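Q: So you can see what is in the structure, the chains are spelled out below.
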Amino acid sequence: MIALLIVLLTPVAGALVLAVLRPLGPAGWLNVTVSTITFAAAAWLTWTVAASGEIAGYSFRVDDFNVYLVALTAFIGLTTSIFSRPYMRHVCETGLTRKRGMRIYHAMYQAFMFTMLLALTTDNLGVLWVAVEGATLATVLLVSLYRTPEAVEAAWKYFILCGVGIALALFGTVLTYFAAQHVIADPSAGLTWSTLYRHAGHLEPAVMRLAFVFLLVGYGTKVGLVPMHQWLPDAHSEGPTPMSAVLSGLLLNVALYAVVRLKMLVDGSLAASDAPHLAGYLLMGFGMVSFLVASLFLHRQRDIKRMFSYSSIEHMGLMTFAFGLGGPLATFGALLHMLVHSFTKSAIFVTVGHATHIAGTQRIDHIRGLIRTQPAVGWSLLIAVAAIAGFPPFGVFTSEFLLLTATMQAQPWLTVALLGGLAVAFAGLFRNLHPMVYGAAPEGQKPVRANMLPVAIHLALVLWLGLAIPGFLAQWLDRATELITGSHLL
Amino acid sequence: MSITELPLLQQIVLVLAAIVLFTSFVLLAQARLVAAIHAFAWQGALVAAVTTVVAATGQTPHLYFSALLTLALKALLIPWMLHRLTRRLAIDRHVESLRRPALVIMAAVALVIFSYWLVLPIVQQELAYTRNIVAISLAVVLIGLLMMVFRQQAVAQVLGFMSMENGLFLAAVSATAGMPLVVELGVAFDVLVAMVLFGVFFFQIRDSIDSLNVDRLNRLTETTEEDVAGEGG
Amino acid sequence: MNAHTALAFAALAVLLALLSSAVSVFAVRTPRIVRTLALPLFGLAGLAALAAGLITLFQDGVSTATLPLGLPWLPSRVRLDALSGLFLGVIGVVSVAVGLYGPAYVRGFERGRDSLTALGGFAGLFLAGMLLVVLADDAFLFMVSWEVMSLSSYFLVAFQHENAANRRAAFLYLLMAHIGGLAILLGYGVLASFGGGFAFEAMRAAPLTSGWASVAFVLAFIGFGMKAGLVPLHAWLPEAHPVAPSHISALMSGVMLKVAVYGFIRFVFDLLGDVQWQWGVAVLVIGGASALIGVLAALLQTDLKRLLAYSSVENLGIIFIGLGLALVFLGTGHAPLGTLAFVAALYHVLNHALFKSLLFLGAGAILHSTHERDLEQMGGLLRRMPWTGLFFLLGCISISALPPFNGFVSEWLTFQAALQAWQLESGVLRSLIPIVSAVLALTGALVAATFVKVYGVAFLGQARSRHVRRARQVPFGMRAGQGWLAGLCLLFGVLPTAVIGVINDVPRQLLGAGLPQAAAHGWLWLTPVSPATASYSAPMVVMLLALLAAAALWSLRRGAVRRVRRCDPWDCGFAPPTPRMQYTATAFAQPIRQVFGLLFNIEESVGRREDGTLRYQLSIGDRTWGLFYAPVMRAVESASRRVVRLQSGNVRVYLGWTLATLVVLLWIIS
Amino acid sequence: MDHLLTAVAWGAALLQALLYAALAPLLVGWIRKLKSRLQNRRGAPVLQPYRDLRKLLLKEARVAHTASPLFRAAPYIVFVATWLAAATVPLVAVSLPTAAIADIIVLVGLLALARFFLALAGMDVGTAFGGMGASREMLVSALAEPAMLMAVFTLAMSAHSTNLASVIDYQLGAFALRPSFLFALGGLILVALAETGRIPVDNPATHLELTMIHEAMLLEYSGRHLALMEWAAQIKLLLYGALIANIFFPWGIARSFAPADLGIGLAAVMLKLFVLGAALALGETVLAKMRLFRAPAFLNLALLLALLGLLSQVILEVGT
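Chains as they are written, first to last, in the working numbering: chain A, 1 to 490; chain B, 1 to 233; chain C, 1 to 670; chain D, 1 to 320.
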């Protein structure tokens, strides 16, 4: 419990301090420190949970499923903060933003971390909603940090679309509460997920179906499911790169986490009804559509960060599909994919940040010959993209392998669509990547001071997961799988 | 069931809910911005009223508090902020009439029927009137969304957004006798922050495209080859 | 000397390969290290692999082990049986040659701007990947190492990425490798979902309906065929192989394609189990098409390495003809004949690995000393680089399937297998197979023409350009690498019975029977079916050739006539011939281009340069591109063009989408 | 196998090989003589080829400056390969060890080896004509080889053997009038014409630069090198003659090494070759050489005949 409190309170304190801290240098360091403490606490929390089962109380609930995401979130938050310190200083030097902007940036960074962790650890659907909405509010200012017309536009679209989506999610929550009222005596517990899950069988199917549609559309907007995804590329491409990294690496995961939790409820309530797998089918449909559409989007990209945000949509679609497919194998694969995708994608965004600084632009057709200009950046971009494209020996391949296997057992004919989508996405990524990394360097491109440590760590982890899944992680993911699907894989 | 069998207070709730629905039609059709803001304020007040009535019927005292909260926030604070903004943005004389209003209104009506049709299968409730309230609030939410789709003016879009929130409140209080207090506070806080941020954005948008017409925010797109939108950095 | 020593050697090979790629990291500081340490380690790895393969083949045991890798419920297992052993040997032989050849060759790159780290590092990974593919005993490890192989070879293709051709080739290669890999994965998936598990044992036990078996076969054929460069999936091969550094091209053409063949054999003959003759027909047809189109395309090329790449397509076609025959015979229940065809295919696998690597190394030697890949610029190299010339000649003879060299033996065996078609019941097959063998014959003759052109234009005659005239001998290491392979070519040609005796373990373990009668009449006589049917005694042919030649020399080089006077060429008494008057490679191919033109889209144009001299332009396009590739690309393009309309940029439209989605979903659920 | 490896057998094989070398010029001389007679010329005596060979062998050899070692090695390889190929074709007697060493596919391979070096030698000096000859030779062979193999396969499919001895035994054993053999014979004759450079594909008598194929490759040769090349060509002609004669009309060939049988065999084969030569001479007088690009049509006809032979074997003679 104490660990949990530290995990939650450190970012809050950090946010408050950073909001008032004027000098820039210390702020960056403080940001790193706070993230480090958070990560340490998260590690402690993880250890506690792994040792002595789930922690519950004060409308918080940390079980194997979300503690794994807590650890992931804290870790990505740490590495990204390490990357963002020199990066944002460089941004400041280029004059894209002022001191005040930097204060907002640091404060909001921690605030965002807080909302993420809150959303993950809370047991109350209402608080979950509040936290996710809070995440939107915390990041929307970051998107418009640079004040360029594009940035403002992106922020507005982000704000409006996610606001609406979230509002719909709230309606879904209200409906859930409405259904719960007649099942659960104590109204104050009517939004407590664990209680609801216990009584899921008695929740009225008709209401829960309605509720789930609203929740799916609402949180799905945040996940970036097609056709509610339009905010995502804009926000990713216009915000500062560290923010893109955490958005892609964390926010989408958390939103998907919410969807999965609610799916568990709805499955419980619909189990007896005529369409027991409704939620699963909806998820599969959304996932498949998002996956295919996004992979097609990859072919017509002019902006490097937009391209990778579409690849995020593609992978979220894949995970959504897998969770919808259900079954231990698919769920295990989806959890693993969440992990490796976050690692790889945030590594990619970090590298892309350096690349854009080298070239001075995000336009793909102006970024050339990275390997010549700065081999470290060029090679890591190349390898990271190979990893995200699902090439062994990287972890993404492992998870995609599991997903394909599961699909082949459940819905053989969908496998073809998946493989086609993978091939198309791969072609889209590499046809844009090739001219950027290879070839002669255009004059005027100079190497920048780049901190490739986070990238190295992330890629190393992904490589490790690709070669062999360590036993404890396998056990852990398996417990999470059991939590979600109710059956073991190992 | 016929309305005559209901106790008076619930009849009142139904009446108020009907008027809320009406106000959101007004919001949808209202051309003048300031008038729309007024309509929104009235809607907020009505929701607050519904809350009070429900509080009076049931044994949920904290609803009084949330009624107060709603009144303060939705009927007074936010409209006031919108007023100030419109004045400072010098658009308080702004008039924006819908294209093909008849069609839009028809769509809204269709949405109302649709939402009623949706809640029909809900049978478990001993009192069917809550179900109908849900239908009403669902309709309010959908109409709010519809308004955001059809209004090009940023402030108008915000109004639509807020009226969606009203619909949510209505559902929360009338159908479920209020959410847990933590949640209500959180929601209220979020709405407030959102409103502040909207204010900030109005100015940012005006600075960037010196207009508040959201249709002009179309740089970020993949569609056309020649435009080089989306290259910030 | 039990089975586990073999496995130990294999492990040693993998470790050495990884080590060689690890040490290349230091090449960032000191490029020399690739030459002095990484490539020797590479050669040692090859040696270890060769040892492992030979040990396995000589005492045909099966040994397995489990690695600390893989999925929690599917620990990666490796298995070393005769088939793996054979291919380990193939990989090893060529790697040894590369280890000898590479150091001197990469010296040329040390002054270049491309980092040798990539070259050495990915070469090591490439080798390790291939070794692991051959060793893998479960689909997961197989796929991982398979894709490691593809990915690292892709980086090697993109090594000199400053010229656009390499980039384009690398992209095309990686894309098709990826698609092929997905097809293979799907094929394994079919087996796994029936056999319940991705371990190969489970797959062997999989109770497949014939329909699903055919599905799996088709998937595997597409996947492995794409890697093996079978027509029409060969488009990447002639692009990718030439642009890689030559010792890598040797590995890719000589070994990687064989790994694809290994995958096919493992999948179809081992995992899939009972085969159907219809598959054999498909393989026969595709193999024949590849052989013919490959050799014709090769004949029309003027870029030496590109020509060799196309001839790889042709040779893989021959291998698959053999495999197709094997499938047909096995599918119709003629096990001994199936074994014969199978052995023929394996023999050709060995041979092609040898002579194609040899030829690529030779091309590399030419490139090294003249910086020239274009035949039209070469000429007279035999007198400037005699050793390379000699080894290249041996390679040309071997690949042209001329006795007494190794290429001939495998083609002879294939013919023998085809000629047993009379034993088949179905008349259709009985008439189809001889037609395929006629295609094989035509291919053989065209190959001879191709390599007469190559050798005659490159090594004979007079130099056609100044830098070629300045060519000189390549260092000893490079010559040693070629000599090793050339010697083996001759050896495999002269002692077929011994080689078959070694290969025999593979069919014995895989199909349950070897070729008992092949060497029944002593090592002198190769009698695949029976002495009455056909017999070939390579040693005696060599011996008699040598004897007769000696006799002729002895009888003619005596007395006054021994003297040979040097003089100008006569050339029917025309003006003294200049290098420009020689037949060019294009001119050499012209008659055949006329005859077989319609298989390609050929554009000829004769114009005048500024100075009034005639200029002749010729472009030879591959028809398969327009038939198979362009439509797919167009489809994807137009689909994405349609899809991006979603991102119209108007927020109200986006909200409209949300509303619409919501309404539709609500509609659906109620 | 081993019953073949007796000293007697080897002796017979050696004799036969020498017989090939000895008889080859005679056949050519006979054909030339007959041709000139048919063209109302007196013509050179039948033994003229021997004289030419002797003359060439005694002359000194000239080699161009630009020639490489391969140029001087080629004649020996060509001659030896052709000779060995010939030695594997039963001329007088079957069941010779040489026939077991190499079956008919090896025979084709050896001829291909000879051709390979012939073409290389043509390109070696670096003159225009050499390259031209090599290019055309390879085209012709590329089209002729499959036709030949198809024809051979037709026999092999019926005889269930690619061993010439076994094929001939089979013929002698169970002779029947097979459509497949007729087609194969036609195909093989056309191939033989093309491969030995006779009219209508090539003209051995011409040195008209633009029409020659085989001669173009020999342009730079002189002295003993030229002699070997010419001799090899003559042996090749005899080889094809013997092949056609003994496979399709096997009567009289010796099946044992008894002197009487051998005598009969020799007489028989002489007679057959005599007739074949006459036929060839006649054909060459009435036909004209065709343009190079008509040659493919000619050879495709050969291929077609061989293919028809094969198909009729499959369709009409099932079970044989």
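Hints may be right or wrong, so weigh each one.
As the list claims (entries may be wrong) - So, partial list: chain C residues that the calculated Cβ filter (under 7 Å) puts toward chain D:
hint, residue
1, Leu-548
2, Ala-550
3, Ala-575
4, Pro-577
As the list claims (entries may be wrong) - Rough simulated footprint, nothing fancy, chain C against chain A, three-plus residues with beta-carbon under 8 Å:
hint, stretch
5, 406 to 419
6, 438 to 451
To be verified - A few chain D positions that, by computed beta-carbon distances, are all more than 10 Å from chain C:
hint, residue
7, Gly-43
8, Pro-69
9, Ile-77
10, Met-150
11, Leu-185
12, Gly-197
13, Val-275
If you are wondering where the hints come from, they were derived from the structure by calculation, not from laboratory data. These figures come from a predicted structure and were not determined experimentally. Using N, Cα and C, we set each Cβ at its ideal position, and we do this for glycine too.
Q: Tell me, in ascending order, the numbers of any earlier hints that this structure violates.
A: Violated hints (numbers, rising): 2, 3, 8, 9, 10; every other hint is consistent with the structure.
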